[in-house]
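Taken in sequence, the protein lines are chains A and B.
With the numbering used here applied, the first sequence covers 1 to 294.
With the numbering used here applied, the second sequence covers 1001 to 1224.
If you're looking for bench data, these hints aren't it; they were derived computationally from the structure.
C-beta atoms are modelled at their ideal positions from N, C-alpha and C, and glycine is treated no differently.
Among the hints, a few may not be true.
[Unchecked claim] Partial selection, computed: residues in chain B whose CB lies under 7 Å from chain A:
#1 Ala-1072
#2 Arg-1076
#3 Arg-1094
#4 Gln-1098
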Amino acid sequence: MAKRDDLGLREALADRLLPMLVAAMSFLAALGLAGTLASASLAASWQNQASGTLTIQVPQPNDPDISGKSTRLAVVQAALGSTPGVTNPQVMSEADENALLTPWLGENATQLGLQMPAVISASWAGPGAPDALSGALNKIAPGTLVDAGAIWAARVAALTGSLQTCAAAVLVIVALVAAAVVAVAARAGLAQRRDTIAIVHGLGALDGDIADRFASRATLLVVMGAIIGTIAALPVLAWLSALAAPFAGPNGNNALFSLPLPLWLSLPILPLGAAGIGWVTAQITVRRWLRGLP
Amino acid sequence: MVRFEDVWLKYRNRPGTPGRDVLRGISFEIPDGGFRWLTGPSGAGKTSLLKLIYLAEHPARGLIDILGTRAANISRREAALLRRRIGVVYQDFRLLPQLSAYDNVALPMRLAHRGEAQIAADVTEILRWVGLEDKLHARPDELSGGAQQRIAIARAVVARPKLLVADEPTGNLDDEQAQRLMLLITALNRLGTTVIVATHNMALVERYPAPKLRIEAGKMVQHG
């Protein structure tokens, strides 16, 4: 069929309602996409930070160790120094410990005569969680606590995984609703042009010819709507990016330009995805409808 | 060739209901290049028989052969391509209201992916033949019933179909236009197009003698 509006689809598939509905869907999809990417990015960042740290508390640090030849703190430090994967073990200074306790115990907390544990911070670069380390340290200095960031990293991973799943579910729902909107619009267009289509069908138009005409028109309107919706989402994404900035580290002053690169690269997928949904949905809807003709 | 062998057509008001036999045991054969009048009283089944020929209906039973193709066993694509070889003049014109006279007539050629240069030459020529060369850009609702009928006729013949099916083609034409139309149809027939014309106009049938198919109450009562 020639590339002209023989079926009168400019009137039957009008250029207002469908683009506006798709624009709303694209707006939501942009937020969902940003949510998916942001949660993935935050998850990676938080997991890197959390999984690489160790905090060790040694009670009665100056008491003798099991062998009685050294202090408990010294043997724990020595053990940490010889454990593969543990790097940079550092005992927290009295000033740092005091600063840590001040909110609860007031200034000069370490002068109160309380028996305070020694706190050692270290980096963990070994594979997985340092599960065996706690047992090894407790043998030489009973009561030693090892707080591995990997445990928190696993919890963060679970949390961000569920957030990503929710965001992906939003994208899927938005895609399904967009497909439903296109199907309804196509069926309305078919109903409006029923006689015209019957005539063209009778003159020998192939089902594919008619479906292509509907799909082309629907895709054009859907892409228009998707572009409008995506552009409309940019200020909101910039605002959300500015709100999330403290959690994601330092960035530039302009919130729009501080949107992450993966998001900029992903946003053009929305009109392309919408085009695919529009084309396929219109083709299926029209071809099924045409089956009702002889 | 058009061949019907014991063809029955049933209309159902709703799927699953018994329905009503509109055509009963119709059998006839028209050779390639043949001309047949289709006559009979109103409601006898003439339009229904034509619908079977231009593949707008499926028979309840029986065999239909159109231009060498067994109509029952063809795919939708083959049916569409077969329809392109059949020119149809509908009783109610069936023009596209949003298109000009020119574009309505050009439609079958565009469906067949003919070039615009050829379309322009053929459409202009056929509209001149039916006396509407000055109405190229008029839409159907701007034209009289007779003019719309002539556009419908022009659309049916512009692609030089192998089979021409006309349902009361002169119903809205004056005598001069009816004569002109019959000249066009007989000219096409001489060039090899098989023609079937359903009509009530017995004067026209007398003026252009040809074998007749006569239907009464859904049954063929005269053949040849």
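Q | Numbers of unmet hints, in rising order | A | Checked against the structure, the only hint that fails is number 1, while the rest are satisfied.
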